[in-house]
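If you read the sequences in order, they're chains A and B. First residue of the first sequence: 1, per our numbering; consecutive thereafter. First residue of the second sequence: 1, per our numbering; consecutive thereafter.
The hints are simulated quantities; they were obtained by calculation from the structure and are not laboratory data. Every residue gets a Cβ at the ideal spot worked out from N, C-alpha and C, and that includes glycine. Some clues are possibly wrong.
[Claimed, not checked] Sample of chain B residues facing chain A (criterion: CB under 10 Å; computed from the structure):
1. Gly256
2. Arg282
3. Gln370
[Unchecked claim] What the simulated footprint calls covered on chain A by chain B, stretch by stretch (three residues with Cβ under 8 Å from a Cβ of chain B suffice, anywhere in the stretch; the number is not a length):
4. 17-24
5. 59-69
6. 89-101
[As the list claims (entries may be wrong)] In silico BS3-like links for lysine-lysine, alpha-carbon gap of 30 Å or less:
7. A:Lys56 x A:Lys43
8. A:Lys56 x B:Lys263
9. A:Lys99 x A:Lys178
10. B:Lys294 x A:Lys56
11. B:Lys294 x A:Lys2
12. A:Lys2 x B:Lys263
13. B:Lys263 x B:Lys380
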Amino acid sequence: MKEIRFHGRGGQGVVKSAQILVETVVEGGLYAHFIPFFGVERKGSPVFGFLRIDDKEIRVKCQVYHPEVLMVFDDTLLNLPQTFLGLVDHGVVIINTEKTVESLPLPEKPMKVFSINATGIALERFKKPIPNTAMLGAFAKATGWVNWQILQEKIRLAFNNDNALAAIDAYENVQLVKQEEF
Amino acid sequence: MNTNQNRIVAISGNKSAAMGAALSRPDLIAAYPITPQSSVVESLAQMIAQGDLNSTMIQVESEHSAMSVVQGAAVAGGRTFTATSAQGLALMYEPYFRMSTLRLPMVMAIATREMTSPETVWSGQQDAVSVRDAGWIQVYVENNQEILDMIIQGYKIAEHPDVLLPVNVCYDGFYLSHLTERVEIPHQPAVDDFLGVYHADHVSLDPDTPMAVDPLTSGEILWRYRKGHLDAMQKALQVIEQTDDAFEQVFGRRYGGVIDTYKMDDADFVIVTMGATTGTAREAVDVARSLGMKIGLLKVRFLRPFPDKKIREILSGKQGFVVIDKNVCFGWNTGVLYMEIKAAISELGHPISSMPAIGGLGGADISVDQLVTCIQVLVKQGSQQPGQLDTYWFQ
Numbered sequence: 001m002k003e004i005r006f007h008g009r010g011g012q013g014v015v016k017s018a019q020i021l022v023e024t025v026v027e028g029g030l031y032a033h034f035i036p037f038f039g040v041e042r043k044g045s046p047v048f049g050f051l052r053i054d055d056k057e058i059r060v061k062c063q064v065y066h067p068e069v070l071m072v073f074d075d076t077l078l079n080l081p082q083t084f085l086g087l088v089d090h091g092v093v094i095i096n097t098e099k100t101v102e103s104l105p106l107p108e109k110p111m112k113v114f115s116i117n118a119t120g121i122a123l124e125r126f127k128k129p130i131p132n133t134a135m136l137g138a139f140a141k142a143t144g145w146v147n148w149q150i151l152q153e154k155i156r157l158a159f160n161n162d163n164a165l166a167a168i169d170a171y172e173n174v175q176l177v178k179q180e181e182f
Numbered sequence: 001m002n003t004n005q006n007r008i009v010a011i012s013g014n015k016s017a018a019m020g021a022a023l024s025r026p027d028l029i030a031a032y033p034i035t036p037q038s039s040v041v042e043s044l045a046q047m048i049a050q051g052d053l054n055s056t057m058i059q060v061e062s063e064h065s066a067m068s069v070v071q072g073a074a075v076a077g078g079r080t081f082t083a084t085s086a087q088g089l090a091l092m093y094e095p096y097f098r099m100s101t102l103r104l105p106m107v108m109a110i111a112t113r114e115m116t117s118p119e120t121v122w123s124g125q126q127d128a129v130s131v132r133d134a135g136w137i138q139v140y141v142e143n144n145q146e147i148l149d150m151i152i153q154g155y156k157i158a159e160h161p162d163v164l165l166p167v168n169v170c171y172d173g174f175y176l177s178h179l180t181e182r183v184e185i186p187h188q189p190a191v192d193d194f195l196g197v198y199h200a201d202h203v204s205l206d207p208d209t210p211m212a213v214d215p216l217t218s219g220e221i222l223w224r225y226r227k228g229h230l231d232a233m234q235k236a237l238q239v240i241e242q243t244d245d246a247f248e249q250v251f252g253r254r255y256g257g258v259i260d261t262y263k264m265d266d267a268d269f270v271i272v273t274m275g276a277t278t279g280t281a282r283e284a285v286d287v288a289r290s291l292g293m294k295i296g297l298l299k300v301r302f303l304r305p306f307p308d309k310k311i312r313e314i315l316s317g318k319q320g321f322v323v324i325d326k327n328v329c330f331g332w333n334t335g336v337l338y339m340e341i342k343a344a345i346s347e348l349g350h351p352i353s354s355m356p357a358i359g360g361l362g363g364a365d366i367s368v369d370q371l372v373t374c375i376q377v378l379v380k381q382g383s384q385q386p387g388q389l390d391t392y393w394f395q
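Take the sequences, apply the hints, and build the full model.
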């Protein structure tokens, strides 16, 4: 079973994007689930979510404590102690940022860091600072865990072609910026 | 039936509840939004607006009115649906009690939630367990498929002539209501065949043969209503099993009737759960067994009627058990399910060690690791002393 934790802020489309991932995996014939963790429901407040992917039924209905992948929708969340809590060694971190990796506050831990300016892509493609669909493209490329064709289709269905194009931009431009040190 | 016509989708627990309700084709739906249930009603309103569901939707100003409106429709012989949570259920209590004591079948989903205060909107089971003695049948489910399936089964049980009682399908707020997972949507004609058309014979709205319902009733007669209600609850135990069997014949899924068990045969100790924690506990049982503990799982599906005989059979011969309650029983230093199980095993005739455990209040998580630790405490203490162990709090 693969476990992924989402970190974002209210209004960034975290929950919707995770649901699209679940739909994509399920349509591909495997199992996936997503449990959002809501705090107060307002724009800007931190949002978490827990996604699992498996080739058999997923029985557990609890939070993810040892994620293999972190999806960080906002680089201001990197400072929060809970963001990297429990990340497995050599885990994957996908960050929406326009900063260089050297200027990001990353913990000293062996991990692979991918960077993508998802908000920039969203602004360019559909004039809204909502990075969720671009983050899906980055996820598909960085992990290779989902069927890329089905994912594009699901994004088109849930939103529109501009969002699918944003995902494609991110798929093509996501950068591996740090790998396996420490 | 042709199972190829079933659709596989990824949907939330609330959407699963809405789909289950829609497939059961209620004549009338009335509901008032409340977290975490709101999207059940939103989905149904959307289906009606799009012409996908031919039900009457009545917008009401409170949960008290929601239950009153569906009650009126049920007295007129209609199939009805509503959903609620926590404070909404509390506001609904007066017509809620009357619904069951009028012996009106219906299904109401409860996305279970902690009760205020302290102020909270998150998960827990305090709301639903607090109304366990208001005469409704209550089933607690483990995943989104079971939500959908039990809403369909719920109508079959509720409308059975030996039962004629309303049913609550209770599912953990957020942990299921907002969980997106794979769900198989049954084919509409198969659900139509399974449920049939509901005909109310005990109440009717017919101007040609008018009928007075619920006149002032003296205590000399009233006890008969209560006795009949209790008898119907006991009959429901059998109807629940039959319905699960019949459901499997058509849809290929069964849930075990009033209870379910996992790795019980050679178990010395048992973890007892109700609701979404069950799935997490199945995983914890596997982990604990890999550590050498002989543990099995008992999932209590129905809190009302309470399956005391089945539970006694399962726990007889076991060394000890722990009950995971996502609620508290204020009169006892335990949760509600623990107290119910304690009562059920009082007939066993021999001591058995038992541990009340309370967790998951106000949306708190219960992890696999926490459950394994809890099982370890049970096995250690339960091996040393029979009887009731100290209450275990998940922190």
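Verification of the supplied hints:
For Gly256 of chain B, the interface hint is violated, since its Cβ never comes within 10 Å of a Cβ in chain A; the closest pair sits about 15 Å apart. Checking Arg282 of chain B against chain A: minimum C-beta separation of about 5 Å stays under 10 Å; hint holds. With a least beta-carbon distance of about 9 Å to chain A, the hint placing Gln370 of chain B at the interface is held under the 10 Å criterion. Counting residues of the segment 17-24 of chain A whose CB lies closer than 8 Å to any CB of chain B gives 4, so the stated coverage by that chain holds, three being the minimum.
Interface restraint, the segment 59-69 of chain A with chain B: holds (6 residues with C-beta to C-beta distance below 8 Å; minimum three). Counting residues of the segment 89-101 of chain A whose CB lies closer than 8 Å to any CB of chain B gives 0, which falls below the minimum of 3, so the coverage claim is violated. The suggested pairing of Lys56 of chain A with Lys43 of chain A is violated, with an alpha-carbon distance near 35 Å, which exceeds 30 Å. A threshold of 30 Å between alpha carbons decides the hint, and for Lys56 of chain A with Lys263 of chain B the separation of about 19 Å falls inside it, so the pair holds.
Simply put, Lys99 of chain A and Lys178 of chain A have alpha-carbon atoms about 13 Å apart, close enough for the 30 Å limit, and the pair holds. At most 30 Å may separate the alpha-carbon atoms for a hinted pair to count; Lys294 of chain B and Lys56 of chain A meet this at roughly 25 Å. For the proposed pair Lys294 of chain B and Lys2 of chain A, the alpha carbon gap of about 28 Å is at most 30 Å, so the pair holds. Restraint check: the Cα-Cα separation between Lys2 of chain A and Lys263 of chain B comes to about 25 Å, which is no more than 30 Å; the hinted pair holds.
A distance of roughly 20 Å separates the Cα atoms of Lys263 of chain B and Lys380 of chain B; the hinted pair therefore holds under the 30 Å criterion.
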